[in-house]
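Trainee: As a plain string of letters, each chain reads:
There are 2 protein chains.
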Amino acid sequence: MKCTRCRKTQAAVDLPSHHSAFCPECFFVFFRRQVEEGIRNFSLLSPGDRVLVCVSGGKDSLVLWDVLMELGYDTEGLYIDLGIEGYSSRSREKVQSYAGTRGKEPIVVDLHAEGVPIPLAAKSIRKEECSVCGKVKRYFFNRVAAERGFTAVATGHNLDDEAARLLGNLLHWDRDYLSRQHPLLPGAGEGLVRKVKPLWRVSELETAAYGFLKGIDYVIEECPMSEHATSLVYKDALSLIEEKMPGTRRKFYQGFLEESRRWKEEGADEENAAALPGACAVCGAPTYAEVCSFCRLKSRVTNPGDVLKTFYGFQGRS
Amino acid sequence: MKCTRCRKTQAAVDLPSHHSAFCPECFFVFFRRQVEEGIRNFSLLSPGDRVLVCVSGGKDSLVLWDVLMELGYDTEGLYIDLGIEGYSSRSREKVQSYAGTRGKEPIVVDLHAEGVPIPLAAKSIRKEECSVCGKVKRYFFNRVAAERGFTAVATGHNLDDEAARLLGNLLHWDRDYLSRQHPLLPGAGEGLVRKVKPLWRVSELETAAYGFLKGIDYVIEECPMSEHATSLVYKDALSLIEEKMPGTRRKFYQGFLEESRRWKEEGADEENAAALPGACAVCGAPTYAEVCSFCRLKSRVTNPGDVLKTFYGFQGRS
Chain A
1 MKCTRCRKTQ AAVDLPSHHS AFCPECFFVF FRRQVEEGIR NFSLLSPGDR VLVCVSGGKD
61 SLVLWDVLME LGYDTEGLYI DLGIEGYSSR SREKVQSYAG TRGKEPIVVD LHAEGVPIPL
121 AAKSIRKEEC SVCGKVKRYF FNRVAAERGF TAVATGHNLD DEAARLLGNL LHWDRDYLSR
181 QHPLLPGAGE GLVRKVKPLW RVSELETAAY GFLKGIDYVI EECPMSEHAT SLVYKDALSL
241 IEEKMPGTRR KFYQGFLEES RRWKEEGADE ENAAALPGAC AVCGAPTYAE VCSFCRLKSR
301 VTNPGDVLKT FYGFQGRS
Chain B
319 MKCTRCRKTQ AAVDLPSHHS AFCPECFFVF FRRQVEEGIR NFSLLSPGDR VLVCVSGGKD
379 SLVLWDVLME LGYDTEGLYI DLGIEGYSSR SREKVQSYAG TRGKEPIVVD LHAEGVPIPL
439 AAKSIRKEEC SVCGKVKRYF FNRVAAERGF TAVATGHNLD DEAARLLGNL LHWDRDYLSR
499 QHPLLPGAGE GLVRKVKPLW RVSELETAAY GFLKGIDYVI EECPMSEHAT SLVYKDALSL
559 IEEKMPGTRR KFYQGFLEES RRWKEEGADE ENAAALPGAC AVCGAPTYAE VCSFCRLKSR
619 VTNPGDVLKT FYGFQGRS
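Sequences listed follow chains A and B, in order. In terms of the working numbering, the first sequence has 57 at position 57, counting the first letter as 1, and numbering is strictly consecutive. All you need for the working numbering is the position in the second sequence, starting with 1, plus 318.
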C-alpha cells in the first residue's frame, strides 16, 4: 500500500480511524500536526511558555518531550524516581539516555530522599499504589514547576488514556472527575501552574509508532504496581469497540469535550465563584485545606505515631 | 454453596453483582422483587393498568409476560410477525405455545398482511433492517394499544440491553437519544400510549435463569438480521468490564437515571414547553409531521413510484 499523503513511498503506519496509511516521513508530519492541532484547539501552550515535561521513561512521555522540542517549545524534563525496585532505575536510565541525545539533563526528584517511596507510602496509609502515586506525582509536578518558574506542566496522556478515563468516570457517573477531565487545567494564583495534555488527540498506537520510527528507546515493561489498574480494563473494552468501529474512541472523547464545554457555559456562574486555593501551612503548596494532602501523607509515612494520633486521638495504645 | 436467602437449599443461581447465590425458589422471590422495585422506582405501572406486553418469542419478553402475570397485572400479549423466513414462524409458535399454557391467545399483527415485511421494507428504502424493524414495531405497539384501550405498552428490555444502549448513546454523545432513554416514556393525549420497561433492573443472565428455571420454552436463535447489530459490540465491551468488576453495569445505568433526573429538573421549562403530537393524515397515529413515519415508509414499500416522485419530483424518468 502506498502512502496516502505523498503517494510515492510504501506506507508503514496504517490508521483505519483516519482512513489513512503513511510512510515514516509523512507520518511524522501527520503526528506533529495532530499534536499542534490539539494544542491550538484549547490554547494549551503558547510560544513564550517554559514547559516542564513530566517524563516517566515510558513511550508517551518521551514522545511528548520529543515532539514539543520539534515544535520549538522551550522545555525541560522532570523525572520522578518512584522508588520501585528495578523498574525505577531502568526507567531513570531511559530518561537520562534520551535526554543525553538531545543535550539535556533531566531534573530528578527522588522519592526515597523525600521520604515517600511509593511502595512504602501506599503500605503506610493502606491505599492502592496507583492512587498514592498519582497524588505524589501531581504534587511534585506542580512544586518543581512553581519553584523553577515554569509556566506549564505537560504530561504524556494520549487519546486512549483519556478515553479510558472518561469511560471509567461515566460508568461511575463521577460528576467531580467528569467536570475536571480536560486537556487543560488552568493555573491559579502564583503557586498553581497550568497543566496540559498535548497528546490528547493522538492514539496509543500512533504514539508508539512515532516513538518506534524515531528510534526513541523507552522502558517497555509496565509499572509492576499497575497490574490490576482498572484503567486497563476500560482500555480493553474500548479497544474491542474500536476494532469493530474505527474512530469511535476519538469521536467519544471529542464529543465529550464538546459536551463539557456546554456544561461549563451553562454553569458559568458557579465556575466563576470558585475560590482561589490558599497555601499549605507546612510546605506552602496551593491547597484548599490548612495542610496539603501531600504533607499529610508524608507525615503519616515518616512518622507513624501521627497515624495513631489521628485514629485514636492519643499517642499509642496501652 | 448454600442459598444466601434460605440458607437451607443448594444455590442454583450465582449472582456476583449482588454478592448472592439463590436456590430456585428464593431466586423467583428475588427476581419478582427486583421487577417490582423497578416498576415502583418510576411508577411504571399501577394495579388498574391494562398492559399490552410485546412478545417476540425470545426469553426476555416471555419472561416479562410471565412475571407481570405473577405480579397480578391485567395483561395481553402482542406478537408481531416480522415476515422473516423461518425465524418468524418459529418465534410465533413459541409465543402461541407459551400463551396456551396460561390460557391466553396472543394478539397477532402480520407484517406480510400489512404490506411491510421487514426484509422487503428494508430493501425498498435501503436502510438497515434493525432500524426499520424498530420503527415498524413501535408503530404497531402503539396502534394496537390505542385501538384496544390498553393503558400501557411493556417491552422486555433488560439491564444489559439498556446499559449497552446507553454506552452507544454516550460514545456518540447523542443528546436526543440520551434525553429519551428511560424505563418510562409517558403517553400523550389520546393516541400515544405510555411505554414501560419493567425488566430494566434485571440482567440478561437473571432473565435467562428465570426463564430456564420456570421451564419457559423460548426461541434461542437470535434474529438472523441482527448479526451485525452494533448493540452486540457494546454488550461485549460491558461484559468484559462486568466480569472484572461485578455490579458496574447496574451502577452505570442507575447512575445515569439519577443524572438524567437532574438534567430534566434543570431543563424543566424546555420540557413543559414541548407540544403535543398531532394525528397522522393517513392513519391517525400520533405524529409531529403531517403523515407519520410508518405511513411514509409503507407508501414507499408498497408503491415504489412514490419514491421516484419524492426523489425526482416527477413520475419516473425517461
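It should be emphasised that the hints constitute simulated quantities derived from the structure, not laboratory data. A portion of the hints provided could be inaccurate.
[Stated by the list, open to error] Below are the EDC-like pairs computed for lysine to aspartate or glutamate, each with C-alpha atoms no more than 20 Å apart in a straight line: (1) B:LYS582 / A:ASP81; (2) B:LYS582 / B:GLU446; (3) A:LYS244 / B:GLU423; (4) A:LYS264 / B:GLU583; (5) B:LYS455 / B:GLU411; (6) B:LYS582 / A:ASP174; (7) B:LYS582 / A:GLU266; (8) B:LYS569 / A:GLU265.
[To be verified] FRET-style restraints, in silico, Cβ to Cβ: (9) B:ARG444 / A:SER43: 20 to 30 Å; (10) B:ASP494 / A:GLU243: 58 to 68 Å; (11) B:GLN572 / A:LEU240: 21 to 31 Å; (12) A:GLN10 / B:ASP428: 20 to 30 Å; (13) B:PHE360 / A:ARG40: 44 to 54 Å; (14) B:THR620 / A:GLU243: 52 to 62 Å; (15) A:GLU70 / B:TYR606: 52 to 62 Å; (16) B:GLN572 / A:GLU266: 20 to 30 Å; (17) B:LEU503 / A:GLU243: 42 to 52 Å; (18) A:THR9 / B:PRO595: 53 to 63 Å; (19) B:GLN572 / A:THR9: 51 to 61 Å.
Glycine is no exception: its CB is placed at the ideal position from the N, C-alpha and C atoms.
Trainee: List in ascending order the numbers of the hints, as given earlier, that are violated by the structure.
Mentor: 1, 2, 3, 8, 9, 10, 12, 14, 17
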